[in-house]
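Asks: Take a look at the letters that make up each chain.
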Amino acid sequence: MVPETTPSLQIQQLVELLAVVSTLPDEASAVRGAVERAAQALEAEVAAVVVDGRLAASVGFPAGRAPEADLIAVAHRQRAYVEVPGLGVCHALSASWGGTHPGHLVLARYADEPFSIEERSLVRGMARVLELTLTMLRTLAAEHRMRQRSERQARENEQLAGSLAVHNRLLQHLFDIQRAISRRLPLKQILDLITAAAHTLLGDEVVRLWLRDEHDPELVKLQSFVGLRPELAKRLPAVPLADAGVAGEAILTDRVVVQAYREPVIDRLTEGGTTACMAAPVHESGQVTGSLLVASYRPDRGYSTADEQTLRAFAGHVSIALTDATTVDRMYQAFHDSLTGLASRGLFLDRLGQQLADAEHDGTRVALLFVDLDRFKPVNDTLGHAAGDELLMVIADRLRSQVRAGDLAARLGGDEFAVMLTGLTSSGPAVAVAERVVSALSQPMVVGQHRFQVNASVGIALSQPGRPDTADLVRRADVAMYHAKRRGGGRYELFADGMRHALATD
Amino acid sequence: MSSELARKRRWMGVGRSDLADSRAAALAAGREALAGGAGDAPKLLIAFSAIGHDAAAVLDGLTGLADGAPVLGCSTHGEIGPGGPRDGGVTVAALGGPGFAVTTATAKDVTGRQREAGAEVAQCARELDGWPHRVLLLLTDGLVRDQESVLRGAYGVLGASVPLFGGAAADGWRMTGAYLLGDGRVLSGAVVAATIASEAPLAVSVRHGYHRLGQPMIVTGAANGRVYTLDDRPALDVYLDRLGAPPEAYTDPAAFTAFALPRPLGIQRRSGVEARNLSTEVDLEGRSIGGGGAIDHGGLTWAMTGDEESILAATDAACADALAALAGRRPVGMLTLSCAALRAVLGDEGIRREGERLARWAGDVPFAGFYTYGEIARVRGIDGFHNQTFVVLALA
Chain B
1 MVPETTPSLQ
11 IQQLVELLAV
21 VSTLPDEASA
31 VRGAVERAAQ
41 ALEAEVAAVV
51 VDGRLAASVG
61 FPAGRAPEAD
71 LIAVAHRQRA
81 YVEVPGLGVC
91 HALSASWGGT
101 HPGHLVLARY
111 ADEPFSIEER
121 SLVRGMARVL
131 ELTLTMLRTL
141 AAEHRMRQRS
151 ERQARENEQL
161 AGSLAVHNRL
171 LQHLFDIQRA
181 ISRRLPLKQI
191 LDLITAAAHT
201 LLGDEVVRLW
211 LRDEHDPELV
221 KLQSFVGLRP
231 ELAKRLPAVP
241 LADAGVAGEA
251 ILTDRVVVQA
261 YREPVIDRLT
271 EGGTTACMAA
281 PVHESGQVTG
291 SLLVASYRPD
301 RGYSTADEQT
311 LRAFAGHVSI
321 ALTDATTVDR
331 MYQAFHDSLT
341 GLASRGLFLD
351 RLGQQLADAE
361 HDGTRVALLF
371 VDLDRFKPVN
381 DTLGHAAGDE
391 LLMVIADRLR
401 SQVRAGDLAA
411 RLGGDEFAVM
421 LTGLTSSGPA
431 VAVAERVVSA
441 LSQPMVVGQH
451 RFQVNASVGI
461 ALSQPGRPDT
471 ADLVRRADVA
481 MYHAKRRGGG
491 RYELFADGMR
501 HALATD
Chain E
1001 MSSELARKRR
1011 WMGVGRSDLA
1021 DSRAAALAAG
1031 REALAGGAGD
1041 APKLLIAFSA
1051 IGHDAAAVLD
1061 GLTGLADGAP
1071 VLGCSTHGEI
1081 GPGGPRDGGV
1091 TVAALGGPGF
1101 AVTTATAKDV
1111 TGRQREAGAE
1121 VAQCARELDG
1131 WPHRVLLLLT
1141 DGLVRDQESV
1151 LRGAYGVLGA
1161 SVPLFGGAAA
1171 DGWRMTGAYL
1181 LGDGRVLSGA
1191 VVAATIASEA
1201 PLAVSVRHGY
1211 HRLGQPMIVT
1221 GAANGRVYTL
1231 DDRPALDVYL
1241 DRLGAPPEAY
1251 TDPAAFTAFA
1261 LPRPLGIQRR
1271 SGVEARNLST
1281 EVDLEGRSIG
1291 GGGAIDHGGL
1301 TWAMTGDEES
1311 ILAATDAACA
1321 DALAALAGRR
1331 PVGMLTLSCA
1341 ALRAVLGDEG
1351 IRREGERLAR
1361 WAGDVPFAGF
1371 YTYGEIARVR
1381 GIDGFHNQTF
1391 VVLALA
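Chains as they are written, first to last, in this note's numbering: chain B, 1 to 506; chain E, 1001 to 1396.
In case anyone wonders, no lab produced these hints; they're calculated from the structure. Zero decoy hints are in this set.
One side of the interface only, derived from the structure: several residues of chain B facing chain E at Cβ under 8 Å:
(1) Q40
(2) V46
(3) P62
(4) A63
(5) G86
(6) H361
Listed next, the stretches of chain E that the computed footprint assigns to chain B, with coverage defined by at least 3 CB atoms under 8 Å from CB atoms of chain B:
(7) 1209-1220
(8) 1301-1309
(9) 1381-1391
Beta carbons: idealized from backbone N, C-alpha and C, even for Gly.
All chains should be modelled from the sequences, with the hints used to inform the complete structure.
Replies: Dropping the structure here:
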């Protein structure tokens, strides 16, 4: 099962990487710090950075024996594995950046499974953070050298302080965005935070985030913006990808596009008169899915490499937010029964394990209600699966309406359901819920033209202090359920020690 | 017949003594450990001895028995071995046989140069490059900070090719100074190491028995190994609030330590949550928390709790993992290290039961270890310094 924390964990890892490398004083230590932090985040045995075609740093190999050619081959995606002494063949992946000093972050891990899509997205985010940090450190180093040579120290001091301030502001914005993502703020709010930050930091009057329409990928829709004509803001426009200008080009080419003249598609959505613009692609789970665009009205506006990197960083954060939101959706799907929307068997057992451990600590007890339908199979057999499915949905609704807030109802499979109650000190509340469930499920149900009566047999078991054993609790509830069934169904039974014996001697 | 032969090629023996005289205790424990080799000269002696013992006398006694083999060791917060946990004694493990080879190294004055120290001692593994199985056993001084860097230094030299295992010397909660034995001397602020190379598998495992409580807290302010704010509020208060601590834990250092000892902070990692001990470095004025290893800005953390059952389940799991990883080979011995802080949860009866579990896993195989101020076990990834865990090295 995917750990519940996976998406936030990736954001956390990115924040940690940013926190670590942004405090390191020079390129060599930033590269080394990034290599170790990336390996730690992905629990990888090997990490390396390749800059300008050479191995700049690595961990995981005996000192002096890193296989440079193999790591460079991984960096260039010519191979997806690397041989690590002491481990054997490890899955490997890389993420690259361009610019004046192109580089690659390489990771390799000894595991059965290759890196997941989420991890690939994390590594891309890390590469972006590293690129930004290295560019900033180089700028600072260059300015430092200049300052040492120059006589006009005062002016250059000012420049140096200016670069540092921009760097710090960028980091602060990225921290804010990452925290918003890890706190699971609504996606729209996060995207607005990113466009606002791009507006503040780059100083451009117009910011647009376009995303491909999920039903028609040839259409892009405006998702978030700064500087839109007020009458358009109420109903966000959609345009064909082919007519989206620079924003569309960034999507189609999957690269940053800079344009030093006016852009009709932007002007149509603003008061007109923009002079220059730049767009960077954004990705979701590895696929280009939109672009982030900035545009200016200033006649002298040009975009430097540093501006391009800043936009890339914000676009990268849009990608993380989108991937994170999809992962949450996917996890919801994985953890919930697709027919009834109740918790899946996996989620239920996982939560049960957690609650049993917590109950041990709190000195409370957990009750498990095992619910088995008495006359479901004949319905399914005679009227077909469609009617059966519809009936299951009705049953799920009734079950949901009878449990208390905080209780968890699940479909374990077929016509088996379960309910978990926590924070109990006696069996009273569990018996009350079981009574309500039995009564609710014994009421006639109408599906299409048919009227059904399907009773339920419910077995109740309470956790035993000092024995937080999921399997044992499930077994006892199951035994109690069979007891209820044997006594005619349409009733509940509370597990008692004698029951196992009674079943065994049948 | 074949297992008989295998045992002779590699052997481990363990001896224990409660004698008050340090030299006599070392001699008694050492002789008992050497009996495991039935007269064969040892390749390595490892001593786990109580802080109250005269370290020089322990070293002197064992050096006399070692027949030229290196003697490593450290002070403890209790010794682990057959017969149950003890306080105030000397427990000795001896390794020997032609199927083992050992080299040792020592780094002194490691504070401020932890990474170099780790790299220095790791060099001793390179002399045994040709052996099919190696492990670097590290004993560090539990009162030296930033132990992770020692391991990073060692990993930088060895990479993933050699597992790391060991623990941080303890001083019975006096917090005034632990000692290490290595290079024929009694040391503090040092790292002592032995590479154990073997013709048969060596397996390292680590487990903890804590689980997360409630919602996560984000580290919003951290520097120099300390956490200043969690969710933008003073970290100490957030942590205590989350666990419903008694009022005195907010104001009295001793009450805080007692409260925090069994309630580590959990740090989210890819394969699970790692526990960090908060009990040793109390900061009631600055309201920050720290100790037991780095916690970084942006990290996702949880309040954690555990009890005897969950902790002993982790002990079982660690033993099972290590023994299973021997690929069907019978173990000749085990080194078993547990965290000193776990004693606060388990109590005297609990650690006795922990000892019984260990004895059950070991059967007639000798085992030795101690209660540490930090456990070392690099199993996957690049990290290997742990808090509140149980670590095992099984030697086939």
